[in-house]
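Going line by line, the protein sequences match chains P and Z. Mapping the first sequence onto our numbering, position 60 (from 1) lands on 60, and the numbers just tick up by one. Mapping the second sequence onto our numbering, position 76 (from 1) lands on 76, and the numbers just tick up by one.
Derived from the structure by calculation, the hints contain no laboratory data. Quantities reported herein were computed from a predicted structural model and do not represent experimental measurements. Please note that the accuracy of each hint is not assured.
As the list claims (entries may be wrong) - Not close to chain P: a few residues of chain Z, all C-beta gaps over 12 Å, as computed:
no. : residue
1   : ARG10
2   : ASP11
3   : TYR35
4   : THR44
5   : ALA47
6   : THR77
7   : GLY100
8   : GLY105
9   : GLN109
As the list claims (entries may be wrong) - With a straight-line Cα cutoff of 25 Å, these simulated DMTMM-like cross-link-like pairs (lysine to aspartate or glutamate) come out:
no. : chain 1 : residue 1 : chain 2 : residue 2
10  : P       : LYS59     : Z       : GLU86
11  : P       : LYS3      : Z       : GLU96
12  : P       : LYS3      : P       : GLU15
13  : P       : LYS3      : Z       : ASP11
14  : Z       : LYS7      : Z       : ASP26
15  : P       : LYS57     : Z       : ASP26
16  : Z       : LYS7      : P       : GLU15
17  : P       : LYS63     : P       : GLU9
18  : P       : LYS71     : Z       : ASP64
19  : P       : LYS3      : Z       : ASP26
20  : P       : LYS59     : Z       : GLU58
21  : P       : LYS17     : P       : GLU52
22  : P       : LYS57     : Z       : GLU54
23  : P       : LYS63     : Z       : GLU86
24  : P       : LYS3      : Z       : GLU86
25  : Z       : LYS65     : Z       : GLU54
26  : P       : LYS57     : Z       : GLU58
27  : P       : LYS101    : Z       : GLU58
28  : P       : LYS57     : Z       : ASP64
Cβ coordinates follow ideal geometry from the N, Cα and C atoms, glycine included.
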Amino acid sequence: SQKIEQNSEALNIQEGKTATLTCNYTNYSPAYLQWYRQDPGRGPVFLLLIRENEKEKRKERLKVTFDTTLKQSLFHITASQPADSATYLCALAKSGGATNKLIFGTGTLLAVQP
Amino acid sequence: SAVISQKPSRDICQRGTSLTIQCQVDSQVTMMFWYRQQPGQSLTLIATANQGSEATYESGFVIDKFPISRPNLTFSTLTVSNMSPEDSSIYLCSVEVRGGTELFGSGTQLSVL
Chain P
1 SQKIEQNSEA
11 LNIQEGKTAT
21 LTCNYTNYSP
31 AYLQWYRQDP
41 GRGPVFLLLI
51 RENEKEKRKE
61 RLKVTFDTTL
71 KQSLFHITAS
81 QPADSATYLC
91 ALAKSGGATN
101 KLIFGTGTLL
111 AVQP
Chain Z
1 SAVISQKPSR
11 DICQRGTSLT
21 IQCQVDSQVT
31 MMFWYRQQPG
41 QSLTLIATAN
51 QGSEATYESG
61 FVIDKFPISR
71 PNLTFSTLTV
81 SNMSPEDSSI
91 YLCSVEVRGG
101 TELFGSGTQL
111 SVL
């Protein structure tokens, strides 16, 4: 079955630096991969989706890459701010079935220090 | 964009009792899901709530423990039955919006004593 691995340790960076988070998967390459942000006590919030035929996707200070050969996605936050501190989850569709049910990684906690 | 609300936001329950969690969305949606997020863990899909038919459960989850209702395209409930401390977790509903992305409720923090 599909497994997703994200850095389990927290990532601490200084304000203004670029944060880079990693998502690796082990099995089939999904049609698309998604990134979500989760704050304590809240549900995840969708950030970006990247398709298998896209190498890179950007949205404001966010950038996602998708390498189906390495089975890896990288999530970058440029010019990071303390308000970016949160847990970031990657998700991809389960195989089979008629619906695009998602499986989630364990998430990486990002702490941006002022 | 759709707005989703979930309640209760938190509850403390006694062992052996049941809790029903409600999820309401302000527009009709086809796909609605229920997840569990145990402390320090990621989200695990419990089931897909189907309108007009029985929910589709993932491996490791059964209807007797987690009965789900979906009476229409804007509402669903998840019941956690005969609770034990191992059921202490965050329970989340979500709906599929455009392109396979999901919009989540704010979650229900459940503590079982």
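Hint by hint, here is what the structure shows:
1. ARG10: 9 Å, violated
2. ASP11: 14 Å, holds
3. TYR35: 8 Å, violated
4. THR44: 8 Å, violated
5. ALA47: Answer for ALA47/Z: violated, closest chain P Cβ roughly 10 Å.
6. THR77: The claim holds: THR77/Z sits with its nearest Cβ about 17 Å from chain P, beyond 12 Å.
7. GLY100: 4 Å, violated
8. GLY105: 5 Å, violated
9. GLN109: 7 Å, violated
10. LYS59/P - GLU86/Z: Violated - the C-alpha atoms of GLU86/Z and LYS59/P are around 40 Å apart, more than 25 Å.
11. LYS3/P - GLU96/Z: Satisfied, since the Cα-Cα distance of roughly 22 Å is no more than 25 Å.
12. LYS3/P - GLU15/P: The given pair, whose Cα atoms are some 32 Å apart, is violated under the 25 Å limit.
13. LYS3/P - ASP11/Z: 32 Å, violated
14. LYS7/Z - ASP26/Z: 14 Å, holds
15. LYS57/P - ASP26/Z: 30 Å, violated
16. LYS7/Z - GLU15/P: 36 Å, violated
17. LYS63/P - GLU9/P: Within the cut-off at roughly 21 Å; holds.
18. LYS71/P - ASP64/Z: Not OK: LYS71/P and ASP64/Z at ~38 Å, beyond 25 Å, violated.
19. LYS3/P - ASP26/Z: Not OK: LYS3/P and ASP26/Z at ~34 Å, beyond 25 Å, violated.
20. LYS59/P - GLU58/Z: 33 Å, violated
21. LYS17/P - GLU52/P: Given that 25 Å is the threshold and the Cα spacing comes to 28 Å, the pair is violated.
22. LYS57/P - GLU54/Z: 38 Å, violated
23. LYS63/P - GLU86/Z: The hint is violated at about 38 Å.
24. LYS3/P - GLU86/Z: 24 Å, holds
25. LYS65/Z - GLU54/Z: 14 Å, holds
26. LYS57/P - GLU58/Z: Outside the cut-off at roughly 31 Å; violated.
27. LYS101/P - GLU58/Z: 10 Å, holds
28. LYS57/P - ASP64/Z: Given that 25 Å is the threshold and the Cα spacing comes to 43 Å, the pair is violated.
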